[in-house]
Amino acid sequence: MDGAAPYSAKHPPRLSAMDELRLENNMLRSRLDDILEHAHRNQNIMERHQKFELQIIGASHFIELITSIFSSLAETSELDMVSLILLDPRQDLQQMLTDLRINLREFPHMLFVRSERELQTPCISSQKPVLGPYQRHLYEQFFRSFSQKPASVALIPLIRQGRLIGYLNLGSFSADRFLSSMATDFIQRLGSIIAICLENVINNERLTYIGLTDPLTNVSNRRYVEQRTLEEIGRARRQGYGIACMYLDIDFFKKVNDQYGHQGGDDVLCEVARRIKAELRLSDTLGRFGGEEFVVLLINANLQDAMMVAERIRRSIAEKAFPLSEGGSCNTSISIGLTTVSEKQNHGDEVIVAKEMISRADRALYDAKRSGRNMVRCE
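Using UniProt numbering, the letters of the sequence shown correspond one by one to residues 1 to 379.
Some clues are possibly wrong.
[Claimed, not checked] The calculated lysine to aspartate or glutamate pairs, modelled on DMTMM-like cross-linking and capped at a C-alpha distance of 25 Å, are:
#1 LYS254 to GLU293
#2 LYS277 to ASP267
#3 LYS369 to GLU293
#4 LYS369 to ASP258
#5 LYS51 to GLU64
#6 LYS355 to ASP249
#7 LYS254 to GLU231
#8 LYS355 to GLU199
#9 LYS369 to GLU271
#10 LYS369 to GLU319
#11 LYS128 to GLU199
#12 LYS369 to GLU226
#13 LYS254 to ASP367
#14 LYS128 to GLU205
#15 LYS369 to ASP249
#16 LYS255 to ASP267
#17 LYS128 to GLU116
If you are wondering where the hints come from, they were derived from the structure by calculation, not from laboratory data.
Starting from the given sequences, assemble the full structure and let the hints guide the process.
What follows is the structure in structure tokens.
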């Protein structure tokens with residue numbers, strides 16, 4: 001056949017050198033645009049993380065730090081869930097925070113455990129972050145406060161001075177967000193910063209708490225109880241429930257001091273405080289008013305509830321001897337005056353309501369003393 005042969009699909013026309021250069025240039029430009037976009041995104045992420053770090057480093061109170069962790073960290077790192085587990089072997093951290101009027105129920109994703117054994121995950125490292133897919137039998141305890149479970153997780157141990165204080169747990173609904181093959185340098189650094197910040201704010205709260213605590217018995221002092229009484233009367237009024245007040249006095253305490261010395265008297269005071277506290281809820285308040293006198297506030301309690309608690313306290317002290325640090329033991333008892341402020345009674349000036357409530361409890365205590373001691377009396 002004469003003439004030029006038509007182009008075949010198998011043999012497309014060759015591009016000129018100029019066209020090839022243009023095509024290669026367009027591909028390079030597209031690639032550079034992708035790199036630039038990725039760099040901008042990384043820069044934005046780094047700026048957000050720096051802002052978050054400055055925010056938590058500047059936190060001076062527990063609530064301020066915890067709020068930042070649960071709100072700002074989730075937003076900064078585009079996470080679907082964040083939980084925090086704190087080790088609290090003797091539950092004294094929870095008690096201190098509660099005594100400082102920090103409502104722990106406002107933070108449902110902050111969990112307290114007494115030991116690592118409660119997490120039921122012996123294979124989880126307590127030294128290095130763990131990344132990978134969510135496995136229920138391993139990680140359920142870390143995300144138990146969430147109804148929907150993540151697809152991938154990062155568990156970050158929080159360590160201070162070689163001691164594990166808790167875990168920061170990050171979860172994502174994306175299975176590719178946290179892979180076991182990923183480097184952990186960044187989240188390890190995050191864990192170190194949060195551990196330092198936690199220790200700092202907890203120490204700050206402890207300093208506040210010490211100023212409101214009786215140094216001998218380690219329960220609240222009179223100043224704190226009086227302050228807390230006003231607050232609880234106001235809260236009970238707003239939320240519509242009753243409160244109860246006990247005034248407690250160790251019977252014949254002077255004889256304990258005379259017979260066993262002041263060290264024996266201190267031993268008894270500390271053990272009495274411990275036994276009273278053992279019968280109370282975290283939301284209740286126990287304070288030493290001075291000498292051998294204590295005051296208890298029972299929150300959301302009526303007279304019947306309060307009588308049951310008071311009787312348990314009385315029996316716990318009267319029915320078991322008190323060990324003494326210098327050897328031997330002694331027996332003692334306690335008298336308790338009890339009164340309540342119902343929802344209907346809680347009106348007028350809060351200072352007057354508080355004073356009258358404590359005065360009624362004091363009069364009831366005097367009645368218990370006059371009637372033979374080692375008993376509970378109500379007014």
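How the hints compare with the structure:
1. LYS254 to GLU293: This hinted pair holds, its Cα atoms lying about 13 Å apart.
2. LYS277 to ASP267: Status holds; Cα separation ~15 Å.
3. LYS369 to GLU293: holds, 13 Å
4. LYS369 to ASP258: Distance ~20 Å between LYS369 and ASP258 Cα, so the pair holds.
5. LYS51 to GLU64: Roughly 15 Å separates the two Cα atoms, so the pair holds.
6. LYS355 to ASP249: holds, 18 Å
7. LYS254 to GLU231: violated, 34 Å
8. LYS355 to GLU199: Roughly 38 Å separates the two Cα atoms, so the pair is violated.
9. LYS369 to GLU271: Answer holds: LYS369 to GLU271 is near 21 Å, not above 25 Å.
10. LYS369 to GLU319: holds, 18 Å
11. LYS128 to GLU199: holds, 19 Å
12. LYS369 to GLU226: The hint holds at about 24 Å.
13. LYS254 to ASP367: holds, 20 Å
14. LYS128 to GLU205: Violated, at roughly 28 Å.
15. LYS369 to ASP249: Holds, because 9 Å separates the two Cα atoms, which is no more than 25 Å.
16. LYS255 to ASP267: holds, 14 Å
17. LYS128 to GLU116: holds, 15 Å
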